[in-house]
Amino acid sequence: MSEAGDAPTISREEDSVSRRSFLGVLLGFGTVVMGAALAVPLIRFALHPLLTKTTEIGWSDVGKIDEFASLTAPTKRLIKVEQRDAWRKIISEKAIYVLPPKSGTLRILSPICPHLGCSIPWNETKQEFICPCHVAVFAKDGALISGPARRSMDELNSKVEDGMLKVRYQYFRQLIPQKEALS
Amino acid sequence: MAEPHQSEEEASHPYSNRWQRLYHWFDRRTGIGSLLHEALDEPIPGGARWAYVFGSVLLFLFISQTITGIFLALYYVPSADRAHTTVAYIVKEVTGGSFLRSLHAYGSSAMVIVLLLHLTQTYLYGAYKGRRELLWISGCVLLGLMLAMAFTGYLLPWDQKAYFATTVGTNMASDVPLIGGWLKRFMRGGNEMGTLTVSRFFVAHVFLIPAVLIAFIATHVYLFRKAGAAGPPSEDPVKPRLPTQRFYPRQVVIDTIVALLLILILGALAHFSPTELGPKADPADTQFVPRPEWYYLPIFQWLKYWRGPFAIIGIIVIPTITAGLLVLVPFIDRRLERRPWRRPIAVGIFLLILAGFIGMGLMSVRDDQRDPSIAKQVAKQREETEQFMREPFEPEPALSTLAAANVALADPLAAAGKKVYESESCDACHGENGIGTNAGPKLAGATAQKPADELSKLLRHPTPKMLAGEMKPVDVSDEDLKALVAYIKNLK
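Protein chains in written order, with my numbering: chain A, 11 to 193; chain B, 738 to 1229.
Worth double-checking, as some hints may not be accurate.
Stated by the list, open to error - Mimicking PhoX-like on lysine-lysine, the simulated pairs with C-alpha atoms at most 25 Å apart in a straight line are: (1) A:K99 with B:K1156; (2) A:K90 with B:K1229; (3) B:K1179 with A:K99; (4) B:K1041 with B:K1113; (5) A:K90 with B:K1113; (6) A:K86 with B:K1219; (7) A:K136 with A:K112; (8) B:K1209 with A:K136; (9) B:K1156 with A:K86.
No lab work stands behind these hints: they were computed from the structure.
Take these sequences, add in the hints, and give me the full structure.
Pasting the structure below:
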């Protein structure tokens, strides 16, 4: 500003270098503190999918526990699985086996063979689960008896709420000896 | 300590402090010193004042709007069937989502207020005089762009308020002579408001207008620096005589304090009184009483007085003349006199228009309160909005789920087939609704289009290639097989 340069300056604090740098540090510090305070909600907002579950499979109703009290053989049921994906939900039907209660607790098995993923039917006459694909054989409680599978049938997480049996449906990795859920 | 080839350079600047040495090293390579000098040592005739904060505060608000806007885009989807769900998701589920959205919404109102204060201060101080015509005009362009930002941003949540306010807003465009109808269809992306309207407004709000805004902000700041700070009204606009003070530190400190206070106020508002989201837009609702955001109320009220063949005067002619007068102020008021009390006509007209705006806004509020049917409807809308805010977030069924539901509705046999598909765990390999996985091929599409007989045969007697891929013959009753085939043929 050439015109302004000709004008006299107000010489109060500008010429004091120490005061200028002190204010500079103060302003810099203030700006950093303010920026950090403002950044907190922004970072929390962006990290939302890490702070909470945005994709998850909810608990599905299987039926009233009274219905399963007198089971003598594994029973196939279709359940509605609701899968959350942030603001979307995907609803599908899945098959599961409810096992006869053992000392009052109900267990639920996935019908998917841990060998290669075929659907395993319950063989009423032999009282065994026999996979139609490669003849893996499992006991009434899902334990591996014979065949190419490397582990027993996979149990699904279940719970009872207000007399309602609920299950959390999951897929598991095939062909390995230990049970490992697929995300 | 320094390497031999640097020692000469360092020796010629014997700084004792290592920070100073670091700064010097950096300055030599970037020229940051002269840049800071240019930015901070701007002389202000008459010294720093609280009256000069508005420009800096606007810049600060613009940056805040940019940052919050970018973050909101992390979760927002611009389409008629997704916009409202995703905004509801931000407000009701995302950590800090309601706060951030409120900060963005209140920030836009704050920008309008500060911009009006900036304009008023510049006008009353006569700071547009003395070779500052282009500076003033670029400011007017920024005002227009900012109102356009407010208008386009308002639609994006796609709730009742947004939908109907924008319907009215875009309808007004059709009053423009000759190209009116075309203009309305261009803005809406068709005759009616729809998903293309959201896309268009989104692109304008997020890409186009911000790009032009940034260009004009840069121009505005450059022209301001070129002309120099105008100083108080007693100062000569061309050749300043008053003693000057540099921008840094006093003005910077004052600007920072105001910006800090403003962000505290906005933060408190966003925290204690978050912006609400209404129910999703329902174009079939004929009862809804649309009301624009507060800063558009004066124009809204103004339009009520112009009906029939004279509407064009109220909607187009008078606003165009007013805007034209505003832009041309530095060419009309050419005297170098800046003191407002020596410019009674210029200041009088300005205050009259300002009072008119405020009066119109207040009358609009009063009209709504006095009309019992409108007051009742507005209260009902308020209640509906509060009701919607109380409800938990409802996720939207994904398209595949809807398609499956539609199949079930359309064809009971296919619905039975879907049960077979799932109980036989076909989905374990072929995926949800036959979309295919690593373990099995996609069924929807080419496979689904095969004739039913061929599909039944393949299911009972898979080809050697299928068998090699672990596909086993399907062992179900003929009835179930028929249903399964019907389901597969329905896969899309």
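Hinted pair K136 (chain A) and K112 (chain A), Cα distance within 25 Å: Answer holds: K136 (chain A) to K112 (chain A) is near 20 Å, not above 25 Å.
Hinted pair K1179 (chain B) and K99 (chain A), Cα distance within 25 Å: holds, 22 Å
Pairwise hint evaluation, K1229 (chain B) against K90 (chain A), where the allowed Cα distance is 25 Å at most: holds, 21 Å
Given pair status - K1113 (chain B), K90 (chain A), alpha carbons within 25 Å: Violated, at roughly 43 Å.
Hint consistency between K99 (chain A) and K1156 (chain B) [alpha-carbon to alpha-carbon, up to 25 Å]: holds, 20 Å
Straight-line alpha-carbon gap K1209 (chain B) to K136 (chain A), limit 25 Å: Holds, at about 21 Å.
Given hint K86 (chain A) paired with K1156 (chain B) - CA-CA distance at most 25 Å: Holds. K1156 (chain B) to K86 (chain A) sits at ~12 Å (cutoff 25 Å).
25 Å limit on alpha-carbon distance, applied to hinted pair K1041 (chain B) and K1113 (chain B): Roughly 20 Å separates the two Cα atoms, so the pair holds.
Distance restraint between K86 (chain A) and K1219 (chain B), which requires alpha-carbon spacing of 25 Å or less: holds, 21 Å
In this structure, the one hint that does not hold is number 5.
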